[in-house]
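Q: Starting from the two chains in their separate frames, assemble the complex, guided by the hints.
Residue numbers (this note's numbering), protein chains in the order written: chain A, 1 to 311; chain B, 1001 to 1468.
In case anyone wonders, no lab produced these hints; they're calculated from the structure. Accuracy of the hints is not assured; some may be wrong.
Stated by the list, open to error - Restraint ranges, calculated between C-beta atoms of paired labels, are given here:
id, chain 1, residue 1, chain 2, residue 2, range
1, B, Gln1447, A, Pro290, 24 to 34 Å
2, B, Arg1303, A, Ala188, 18 to 28 Å
3, A, Ala266, B, Ala1030, 49 to 59 Å
What the hints assert, rightly or not - If you only want the chain B side, here are some residues facing chain A, beta carbon under 8 Å, derived:
id, residue
4, Gly1152
5, Leu1167
6, Ser1202
7, Leu1448
8, Val1460
Unchecked claim - Derived DMTMM-like pairs (lysine to aspartate or glutamate); straight-line CA-CA distance at most 25 Å:
id, chain 1, residue 1, chain 2, residue 2
9, A, Lys191, B, Asp1292
10, B, Lys1222, A, Glu136
11, B, Lys1222, A, Glu190
12, B, Lys1222, B, Asp1309
13, A, Lys191, B, Glu1296
Where a beta carbon is used, it is the ideal one built from N, C-alpha and C, also for glycine.
Chain by chain, the residues run as shown.
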Amino acid sequence: MMMDSGIATDGSRLFTRFFDAVDMIGSFPAAATLAEVNAIAAGHGLRFPLVIDLDRTLREHLAVAEYAPASARFGAYVDNLPGMNWLLPTGRRVRIGERVVKSTTGYDLFRFLLHSDGRYGQATDYVLRLRPVGGESFAVAFTGDAGALAAVRRRLMASSWNHWIDRIDQVSVAGSPPRIEAEVDCLAGEKPRFLAFFAAVAGESGTGMVEASGVASPGLPAFSIKSTPARVAELSAICAGRLGGQARALLLNGVVLVYPDNPPDAAFLADLGRSLEPLGGHLLGPSLPPRDPIPAEAIWAASLNHQWNAL
Amino acid sequence: MTGMNASRARQLADAMPGGRLLTSPAQVAAYESDGLSYRRFPPDAVAIPGNADEVVALVRLLRDLGIPYVARGAGTSLSGGAVAAQGGVVIHLSKLRQILEINPDEGYAVVETGVVLNHLDEALKPYGLYYPPDPSTGPVCTLGGNVACNAGGVHCFRYGVTCNYVLGAEVILMDGQVVRFGGPAGGRGGWSDDWKRLFVGSEGTLGIFTRFWLRLIPRPEKVWTFRATYADFQQASEAIRRLAIHPAFPAAIEFMDPPCVDMVENSPMRVGLPKGSFMILTEIDGPAELVDGRVEAVAQLLRECGSSDVTYGHEESMRMALWKARKAQGGLLGQISPDFVVQDAVIPKACLGEMLELIYQEAAAAGIAAVTIMHAGDGNLHPDFLFDARKAGELEKIEKIGKVLMRKVSEMGGTLSGEHGIGNDKAAYMAEHFGPLGQAMQLAIPQLFNPSHQLNPLKVFPERRFVS
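For reference, chain B alone in the conformation it holds in the complex (with noise of 0.2 Å):
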């Protein structure tokens, strides 16, 4: 450890018995970044509770120490959110994974936060039952990330983000405290104010999750997929459009840019989607008696819309084959360059011609390979920039393209993040959307729960540095 003295590393040691300390640079270097992976700051400890109460101690170890900590789960944040900012101590929550309870009749469950969000998913088939938010990292990220960074996914344009489906927290306060907010029926209990709301997309900077209280839905009995794509903007526009107010709800509008499209077909990923076009792709689902009497509708609105290839079904391996170009195009980013960002805004839907063409130029300018995805119900855009740290410069053409889109963002009356949170990657751009007065009534909030900025340093807001 480089950053705490021997005597304190002991300390920590010996309340993490049994290895679950990790302190050699080898052992600490998996968590150095998340899915943000060109910000790297080493942690000087990685400590691996075993329990919520394990968890209690730990962090009033810590207050008494002086050290800064913070919370992750799998790390597959993709804001810098689940970082050591400022050296510290992470605290890994792997451990605190059991499914408590699931509730049929009330229509909820209780889980741990190291619960793993597709393996709560499995436990809930055999009821018939459904947690909605389902963000791409699905098979590895946990429950407890999903609610820091209130996650969104590809279904939420109906569904809704994990906000609208937590309806209780168990929270360890910095002081050591164990409070629970909500619960069952999701109200405010014995609180007067609905605390659980500010702790909930809060990023880990106010508290520590160890369980939750989920609400769950009836799981959709059939699901239709659609696949159309569109040799103008013009085209793919007015389908968004179209889709987003028709009453059947799609339950997903997914869209993607000519680059990302050519990318998926320049792949051995390819399916044959012309390249140069855009792509949409969306769902509706329901009771079979009455999804099966829309299909035809959403069929016949891709097609006036100026679609020739209209493709649709609903068998498990049809619906993978129309998924598979979106589903691609992540792990695509990765193999074909060095180093990526994901980018996360959302815009009014209008602008989103307007917000193409600023991302096309910024990119040109900057010799930089730019794609593009979005959650197009919702106007939540992932324009994604492609890059090598190692040279000189791109890094720096990076933020400033970001510092451009998120300028953009604001003025077009859209919002920092949809879906990913604003970790360290977004909080110098913080101060300018919410104006002075907004971010003064932001910062009140850390000021209740963690003044110290202990918990989760530089995250969120740029002024949250923690001093020892």
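Bound-form chain A, shown alone (with noise of 0.2 Å):
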């Protein structure tokens, strides 16, 4: 049986639909929600991790988020999408990136475009890379004061169990005290040991650690923070408290997903905004105010929209 290469023959060179059950690999619409994608995924034994809300559509996650809670396991999106086809303001499309996981052929644009915001066009298809799925899923919750959750995230960060773990969260919710989630998708019979190495981690803590049934995901967020993996809990904490509602830290990625309940103010965003610069994290969001580029970076941004425009 010939294999569907997922390449238009016409000359384009676009992806085309296509599923590859053996490199667990498919193309999907921007506009498909994360539960479409995961039900066609399902009937071949696999999943797409990374999902904030399975309601909201792909081109949707990557306007908010570079990572999931599943990045803890799986990394960023751009490293579980190898490619896309891209609409290009002149109405134009073409293909960034490879059907296959590995590629270092020519300049990246894929990893450069996947989170542009617009600013150079937009996406119409993502090709993603799909997991199977392990056969026992479980979460359990950490609780405690700030330095016995800080010695849980150390104890974590440092673990090669953490390879295993989806996602490590620490949640803070205004006016809550906060906590640690961990979710666990392993193969079936492997449920002990992992509760085994979670209570150590709890008993060497001083946490309490109870096993807890499905966390609710909350939505997409607001807006994401990208900063190190041992400063996003405070400043969770720091959102949480200022803007109210609540702020998840993806403690091995060192991101905040923030879902406040009063819009953040200019001025607390560029106070945040600017603390980052300096370890090289950012701000991310759809609603956040526009920022004015560096000078030599104007100049990138002007001439590669002036030659992709010319095409």
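A: As structure tokens, this is what we get:
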């Protein structure tokens, strides 16, 4: 049987709609919801794990976050989407990236454009890397004071157990004590080993630990913060305290997903953004005020738009 | 120096005092090629700056003098990337080799561009930290070259390639400006766009790296290695398919075809594999309490696919014994053939059988020996062709085979390079792979940072020729 290459043969080289269960990869419209993606994947024993809100589209996810809770185990979106079809402002469509998961062919326009927020066009289809379903899923929650939770974070950060934990979030809710949640999708029969590890971490750190049944996602955040792993617990507490609502620190990835009750004021965002810059961090979200580009960058961006809009 | 006048040579020598400008044919001979050794491009000079400030001064001088130049680390690349394809100066960055910081709490390291990959690994071991990209040249290759070529290795099926670990990079642009993209947080910092993404994997055509911020993860506590052989391709292919979708996520899945197995078994490096067999090597890793419980399931999977000689272990000596055939094959190529080329492409795994048939067919038609290995988990194929460039017509045969294979790779939905880069070896295939619109978008990138192509000309795209 001939395999579908997933590449159009009409000369455009665009991605076609394809699903390759051997390579665990497939293309989906940018307007597909994660529920729709995972319904198709589930038929092959696969899943796309980087879900924040099942009912929102891939494009909406990528506009507001570069990491999802399951990035603890699987990495950023950019490491799980090898390619896309891209619509230039001129109306022409072009394939960006590949349908195989490993490539060093040419300049990495894919990684450059994926979260470029409409400055150079937009994606119409994404190629997604899917993962096998484990067999048994469960979550636990650690509770305790800030020092004890910091000890949990350090312990989880330093252990190779974290390669196998889907999600390690510190949840800050205005007016409530923070907690760390961990979620696992493991092979059938492995749950007791994970629970023993989590119990040992709780014992060493002086926290409580309970099995938590299905922690509900609060949906897509208003914006996200990229910082370093050791700083995000404090940042999430600051955001929840200042803006109300809740903030989720993705502890291994150095990311905070912010769900404010009150819209953040411009001064708060400007201060936050400035504090992140020396570390190479930033804010992301469609509702954030635009930033002035660095002068050199303004020239590069104008040149790119000029060249690409002439195609 | 043959390609530059005495005045220019004197200015360069003044900028690199203390014998750090090499110009005699004997001195520059070692820089004529990289691992693609049959393509030689003697540079006019080799400069060895001692620090980043000297690189800045040198770049400014070369710009003013109108001399093409290329940055180089250990020169282990396999695609003809770090060579002076239009003559000029090779900037050898081996003196920028300090590990500046290891931060266990934040999980990153700051390193200079000339740090040897395995030196970083040794420095990380006491912290229990791990930097996963592991190209086979780890004992000598440098991180600058790894980042420039987006290097991979045997464990990237689960852990990813170099670009997954670059949090930030300091780059010297063509005008001598030093910029930092990203940093410990791995984001954009003050930039609106993520420019570092364009520089990683750009094969030294956009700027010169001087330092990196690299993401680190906990070192796997325990590793189990499995080796199995199969009498026929269908069995081996099924083993690859089942391993790749197994929720235990092997860290590596390696494949050797029968000619490669036979090459090892006919050498002093033989390990007792059945001749004519397909070999699969796989590894699982993790905390001992977890990974030990997965061992029998992986062994059983390998047996169910038809292997009657599944061997496995976790002790270091046992693991090294199991890896021996796979590790030996690269060195054997150089011992049994005057020249060889290691091709690099990624294909959908379902196409492996069809691609092997094409490799055997083309090699047989040309009278060229071929052995094939593969990072099978992610479809990264390395067909190796053994030839003698001194024999009339052999080089042409190799180039013809390369062209046929790369066209087929693109047709299958694959890509021209998974981890070696394009260099000057595959630049000619880029137009067909990208199509006119895709190529035009690609060529817009060097227009931003290196519009005259003075830095590393004739690489990645053949159109990138420097005109002084």
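Q: Going back to the hint list, which numbers does this structure go against?
A: none
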